[in-house]
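Colleague: The chain contents come next:
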Amino acid sequence: MKLDTNTINKIAKLARIKLSEQESKDLLKDMNSILDWVEQLNEVDTDKIEPLANISSSSLPKRKDQAEDINSSDEILQNSPDKLEGYFAVPKVVE
Amino acid sequence: MNNNLIKGNKFEWETIIGLEIHAQVKSKSKLFSNSSTAFGSKPNSQVSLVDAAMPGMLPVINQYCIEQAVRTGIGLNAQINNYSVFDRKNYFYADLPQGYQISQYKYPIVGKGKVTIDFKDGNSKDIRIVRLHLEQDAGKSLHDQNPTKTYVDLNRSGVALMEIVSEPDIRSAEEAGLYINKIRSILMYLDTCDGNMQEGSLRADVNISVRKPGDEYGTRCEIKNLNSIKFIKQAIHYEAKRQIEILEEGGIIEQNTLLFNTSNGKTRPMRSKEEAHDYRYFPDPDLLPLEISQTEIDKLKSSITELPDDRKKRYVDDYNLSNYDASVLTSDKHVSDYFDEVINSDKSLKESSKIVVNWITSELFSILNEHNIEIKISPITPKYLGKLVKLILENVISGKIAKDVLIDMYNTKKDPETIIDQKGLKQLTNTSEIENIVEEVLKENQKMVEQYLSGKDKLLGFFVGESMKKSKGKANPKILNEILKNKLSKKN
Amino acid sequence: MEFKSISELQSLLNDKKISVKEIADTYIKKIKEKKDLNIFIYFNEDKIYEQVKNIENFSNEKKLKAIPIAVKDLFCTKNMPTTAASKILENFHPTYESFVTQRLVDMGAMFVGKTNLDEFAMGSATNTSYFGNTINPLSEKDIPLAPGGSSGGSAAAVAADLCLGATGTDTGGSIRQPASLCGVVGIKPTYGLCSRWGIAAFASSLDQAGVFSKNVTDSSILLEEMAGYDQRDSTSSNVKIPNFSKELNTDMSGKIIGVPKEYAVDGISDEINQVWEDAIKSLEKKGAIIKKISLPHTKYALPTYYIIAPAEASSNLARYDGVKYGFRADDSNSLDEMYELTRSEGFGKEVKRRILIGTYVLSAGYYDAYYIKAQKVRKLIANDFVNTFSECDFILTPTAPSAAFPLNEKQDDPIKMYLNDVFTVPASLAGIPGISIPYGSDKKGLPLGIQILGKHYNEQEIFNAAFALEKDYE
Numbered sequence: 005m006k007l008d009t010n011t012i013n014k015i016a017k018l019a020r021i022k023l024s025e026q027e028s029k030d031l032l033k034d035m036n037s038i039l040d041w042v043e044q045l046n047e048v049d050t051d052k053i054e055p056l057a058n059i060s061s062s063s064l065p066k067r068k069d070q071a072e073d074i075n076s077s078d079e080i081l082q083n084s085p086d087k088l089e090g091y092f093a094v095p096k097v098v099e
Numbered sequence: 309m310n311n312n313l314i315k316g317n318k319f320e321w322e323t324i325i326g327l328e329i330h331a332q333v334k335s336k337s338k339l340f341s342n343s344s345t346a347f348g349s350k351p352n353s354q355v356s357l358v359d360a361a362m363p364g365m366l367p368v369i370n371q372y373c374i375e376q377a378v379r380t381g382i383g384l385n386a387q388i389n390n391y392s393v394f395d396r397k398n399y400f401y402a403d404l405p406q407g408y409q410i411s412q413y414k415y416p417i418v419g420k421g422k423v424t425i426d427f428k429d430g431n432s433k434d435i436r437i438v439r440l441h442l443e444q445d446a447g448k449s450l451h452d453q454n455p456t457k458t459y460v461d462l463n464r465s466g467v468a469l470m471e472i473v474s475e476p477d478i479r480s481a482e483e484a485g486l487y488i489n490k491i492r493s494i495l496m497y498l499d500t501c502d503g504n505m506q507e508g509s510l511r512a513d514v515n516i517s518v519r520k521p522g523d524e525y526g527t528r529c530e531i532k533n534l535n536s537i538k539f540i541k542q543a544i545h546y547e548a549k550r551q552i553e554i555l556e557e558g559g560i561i562e563q564n565t566l567l568f569n570t571s572n573g574k575t576r577p578m579r580s581k582e583e584a585h586d587y588r589y590f591p592d593p594d595l596l597p598l599e600i601s602q603t604e605i606d607k608l609k610s611s612i613t614e615l616p617d618d619r620k621k622r623y624v625d626d627y628n629l630s631n632y633d634a635s636v637l638t639s640d641k642h643v644s645d646y647f648d649e650v651i652n653s654d655k656s657l658k659e660s661s662k663i664v665v666n667w668i669t670s671e672l673f674s675i676l677n678e679h680n681i682e683i684k685i686s687p688i689t690p691k692y693l694g695k696l697v698k699l700i701l702e703n704v705i706s707g708k709i710a711k712d713v714l715i716d717m718y719n720t721k722k723d724p725e726t727i728i729d730q731k732g733l734k735q736l737t738n739t740s741e742i743e744n745i746v747e748e749v750l751k752e753n754q755k756m757v758e759q760y761l762s763g764k765d766k767l768l769g770f771f772v773g774e775s776m777k778k779s780k781g782k783a784n785p786k787i788l789n790e791i792l793k794n795k796l797s798k799k800n
Numbered sequence: 011m012e013f014k015s016i017s018e019l020q021s022l023l024n025d026k027k028i029s030v031k032e033i034a035d036t037y038i039k040k041i042k043e044k045k046d047l048n049i050f051i052y053f054n055e056d057k058i059y060e061q062v063k064n065i066e067n068f069s070n071e072k073k074l075k076a077i078p079i080a081v082k083d084l085f086c087t088k089n090m091p092t093t094a095a096s097k098i099l100e101n102f103h104p105t106y107e108s109f110v111t112q113r114l115v116d117m118g119a120m121f122v123g124k125t126n127l128d129e130f131a132m133g134s135a136t137n138t139s140y141f142g143n144t145i146n147p148l149s150e151k152d153i154p155l156a157p158g159g160s161s162g163g164s165a166a167a168v169a170a171d172l173c174l175g176a177t178g179t180d181t182g183g184s185i186r187q188p189a190s191l192c193g194v195v196g197i198k199p200t201y202g203l204c205s206r207w208g209i210a211a212f213a214s215s216l217d218q219a220g221v222f223s224k225n226v227t228d229s230s231i232l233l234e235e236m237a238g239y240d241q242r243d244s245t246s247s248n249v250k251i252p253n254f255s256k257e258l259n260t261d262m263s264g265k266i267i268g269v270p271k272e273y274a275v276d277g278i279s280d281e282i283n284q285v286w287e288d289a290i291k292s293l294e295k296k297g298a299i300i301k302k303i304s305l306p307h308t309k310y311a312l313p314t315y316y317i318i319a320p321a322e323a324s325s326n327l328a329r330y331d332g333v334k335y336g337f338r339a340d341d342s343n344s345l346d347e348m349y350e351l352t353r354s355e356g357f358g359k360e361v362k363r364r365i366l367i368g369t370y371v372l373s374a375g376y377y378d379a380y381y382i383k384a385q386k387v388r389k390l391i392a393n394d395f396v397n398t399f400s401e402c403d404f405i406l407t408p409t410a411p412s413a414a415f416p417l418n419e420k421q422d423d424p425i426k427m428y429l430n431d432v433f434t435v436p437a438s439l440a441g442i443p444g445i446s447i448p449y450g451s452d453k454k455g456l457p458l459g460i461q462i463l464g465k466h467y468n469e470q471e472i473f474n475a476a477f478a479l480e481k482d483y484e
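Residue numbers (the numbering used here), protein chains in the order written: chain A, 5 to 99; chain B, 309 to 800; chain C, 11 to 484.
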């Protein structure tokens, strides 16, 4: 058992996903079996191996510094579930 | 020797400060998108699909921002890394549309470097730089526009920032101020950041702890997002005192993220970021590693003309200015550029560089400050100011008249010579003319002359003043004095 | 009425034997008849007739003029909403068109609708969709079968003759596996060949768009139109796209075909092994040389994938937070509560499971043990292919470990479900191209697929081999 309920809840908090008690119980079982299963990677000797992040062998493409004046407000806000006075609106944050 | 120590009620304490400066890269478009970086636009008007993290949108890096970071690294005397990686820093916040910030974690573009700060007493000190990395700015949250909502403006979202991290080498609020000034000055010389702290182009997070001299570092607190040198100094003063008080009462410092309240000058813990973070950095799979060849670095290196330290050295060597004066003058590139232009406008001014410095830092500054005008758009051109100083040096006008001429120059943008000619302000050096004036004054004030002759020496000043008035301020004071003394002694 | 290929429909159109509107009418009718299969998330006649008006004005030279195409609902489209089969993208109307679908639009294609998929492409049976299961058109009435996944809707749309081609995405097998289960052709090209711009991301280092069709030729036509360099995708390959369809040929003489011993895994049915054997023999008969090869790290591909893909997904899906678009939960008192309720109600079970796994393997203290370890094993898996391809031209394997299985059969055990991708995941990790074509069937008459894997950017080679095998069934 790699995970306990406490860890699951901490991870869920980090991922901003609220779990019901039942969900967290189910996930505990699934995730533990998945983590046990991936454990087999430890059989592989990777001491001198470089991690592979991306399969592409080319170099990072760069763009020129050109700005478009897009006047984007209408387009950008169009799909927002809550917008007010040209802003996205969210429940009030106390800093 | 260590005059940075703070006296508590029981012990003396040393303040340990490290700074993380966030400098907005000067560029037309954002780090990973082509929307504009223009400040003060309508909310959410400069937001591309990428900046708003629409599904399926991907980052493409701005070549110029990379060059700007490399230039800055060179200016910080730092190692430029041929290989660097963009990572995702994962956290949730209203103004972070992707749910992660693209930053550089394990492999930054710039490594170790150092900058020198100069003190008034002529001493200098090196502050070591840990690293500089490129990252995206977040949007802006507005908490006071609506009673129940926070508003989010994404115009800044995705703007390129350079985070410059110092070692904890700073020991006082004053040093912190000098350090930021120095970084700001380097950025502005390189034109890699506009240095505008009011608009937020330059902000700093301050890491601060206190210890008894010789002890291990204490627990530190981080004061977030300070955007003026004044506030940084205030915050350091307050926070050091707060920590000392806690420690002297036997308490312990809790590691915390703090906010500085600019209206009451106090720090307080940030409420929204209470829980421990786990940013889960990993290489951004939408981007490939950034490779910069030595040839590119060398090319950028050779494009850099003069940095503040080079210029400071030149001023000390060529113009005989003190290290501190030279460092003050060079700290603002625009001021220093102005000075250079004045000096270069006439060969003879090189000998009198100190007078030029004084005219810039006292007379010109007071006029510009009064009108709230920046030196780079000064209506008085360096060439004309040079001319004015030369006219003083050649005794064409007095320093006093020159001050009036300077005001005229500001208002009319005219050549000082034209103003002097038009207003007939040329100094009177013709002895006979001055003699006539003096004669008249003495004739008009017979009684005073008698009193002077009977021992009231102080009245000499009165005669000088009256004669000057009669000459409309133009009489050469030295000649005037001589003639007066001479005439009066003859009356005796 | 059934059209067998793009070229057939094009000649009818050229000869004025059918009009663009009649093509639309035909497919609208078919789609309505097959409504019960739940193949489309979005289908709207009006939107099709709107396109008809534009397409009529296109020259007949346009290579895909009036060709009915179904689009996986992971591609953002301007004229149709995009959901990624998730509640969290409720009411999302993109203001932009993905690179791939734009290419198809420009060539005159007619989009018939947006197809169902596993939520955010996470699944192997098209059963994690917020909009319900898609049913494999090959199902018997009493036993509904899964179409495979995640691009199950697209594969089913082609199999049910509701379009001539369909777009898909393949992260670990999401094109090849459903192609196999639905009896159609499906190709996942080399990573980077099709731009990812405008496709809702699942796992960025693995995601790749591709295509389904009824035959190899149509896939080659569609892929040559969809592929191409895109400056807006930093991982897009800047390579010249060959004229695949023109270069198609069946000549296999002297080609060396690798047959990896590690793909002969336990629990694979004799029928599948038989089909594999048949394909090998057929190619040998056509002049190819068969070579037994070894890809020693094959067995580690699945666990590697199930670390890397969830890790990237956990970050890619952080943008679905109820602020900019899509669903937002009601009645939250704080920002964090809003996030937690929105994401809890907006994501389905499998997506949540993968986000949490991904969050865990990236979290402090576990990053090296899981994520870095997986990336290192990924390197070894990629190296296996590099080494092997120095001695063979392409690799032949089964596509999936089973034929289409009953709906919900493997739902309770995630690992069992993950095993569906055992033959497709290694190529995804290595970024190499792979095609699945139907080749034979099992006792029940359900199709079985053969997978051909090629070197990076060697799509032509695998198209040709597939083309040669296809001839066996003409």
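Careful, some of the hints might be misleading.
In silico lysine-lysine, BS3-like type, Cα no more than 30 angstroms apart, as pairs [what the hints assert, rightly or not]:
#1 C/Lys39 / C/Lys295
#2 A/Lys52 / C/Lys309
#3 A/Lys52 / B/Lys414
#4 C/Lys88 / C/Lys73
#5 C/Lys151 / A/Lys87
#6 A/Lys87 / C/Lys88
#7 C/Lys39 / C/Lys57
#8 B/Lys420 / A/Lys66
#9 A/Lys68 / B/Lys731
#10 A/Lys66 / B/Lys778
#11 A/Lys66 / B/Lys786
#12 B/Lys457 / A/Lys87
#13 B/Lys433 / B/Lys414
#14 C/Lys426 / A/Lys22
#15 A/Lys22 / C/Lys97
#16 A/Lys22 / C/Lys359
#17 B/Lys397 / A/Lys87
#18 A/Lys14 / B/Lys414
#19 A/Lys87 / B/Lys532
#20 B/Lys778 / B/Lys731
#21 A/Lys29 / C/Lys97
#22 B/Lys711 / B/Lys607
#23 A/Lys17 / B/Lys532
No lab work stands behind these hints, which were simulated from the structure alone.
Colleague: Work down the list of hints and note, for each, if the structure agrees.
Modeller: Now for the hints, and whether the structure bears them out:
no., hint, verdict
1, C/Lys39 / C/Lys295, "violated (43 angstroms)"
2, A/Lys52 / C/Lys309, "holds (20 angstroms)"
3, A/Lys52 / B/Lys414, "holds (19 angstroms)"
4, C/Lys88 / C/Lys73, "holds (22 angstroms)"
5, C/Lys151 / A/Lys87, "violated (48 angstroms)"
6, A/Lys87 / C/Lys88, "holds (22 angstroms)"
7, C/Lys39 / C/Lys57, "holds (15 angstroms)"
8, B/Lys420 / A/Lys66, "holds (25 angstroms)"
9, A/Lys68 / B/Lys731, "violated (55 angstroms)"
10, A/Lys66 / B/Lys778, "violated (73 angstroms)"
11, A/Lys66 / B/Lys786, "violated (69 angstroms)"
12, B/Lys457 / A/Lys87, "holds (10 angstroms)"
13, B/Lys433 / B/Lys414, "holds (29 angstroms)"
14, C/Lys426 / A/Lys22, "holds (26 angstroms)"
15, A/Lys22 / C/Lys97, "holds (16 angstroms)"
16, A/Lys22 / C/Lys359, "holds (12 angstroms)"
17, B/Lys397 / A/Lys87, "holds (27 angstroms)"
18, A/Lys14 / B/Lys414, "holds (25 angstroms)"
19, A/Lys87 / B/Lys532, "holds (28 angstroms)"
20, B/Lys778 / B/Lys731, "holds (15 angstroms)"
21, A/Lys29 / C/Lys97, "holds (23 angstroms)"
22, B/Lys711 / B/Lys607, "violated (46 angstroms)"
23, A/Lys17 / B/Lys532, "holds (24 angstroms)"
The earlier numbered hints that this structure contradicts are 1, 5, 9, 10, 11 and 22.
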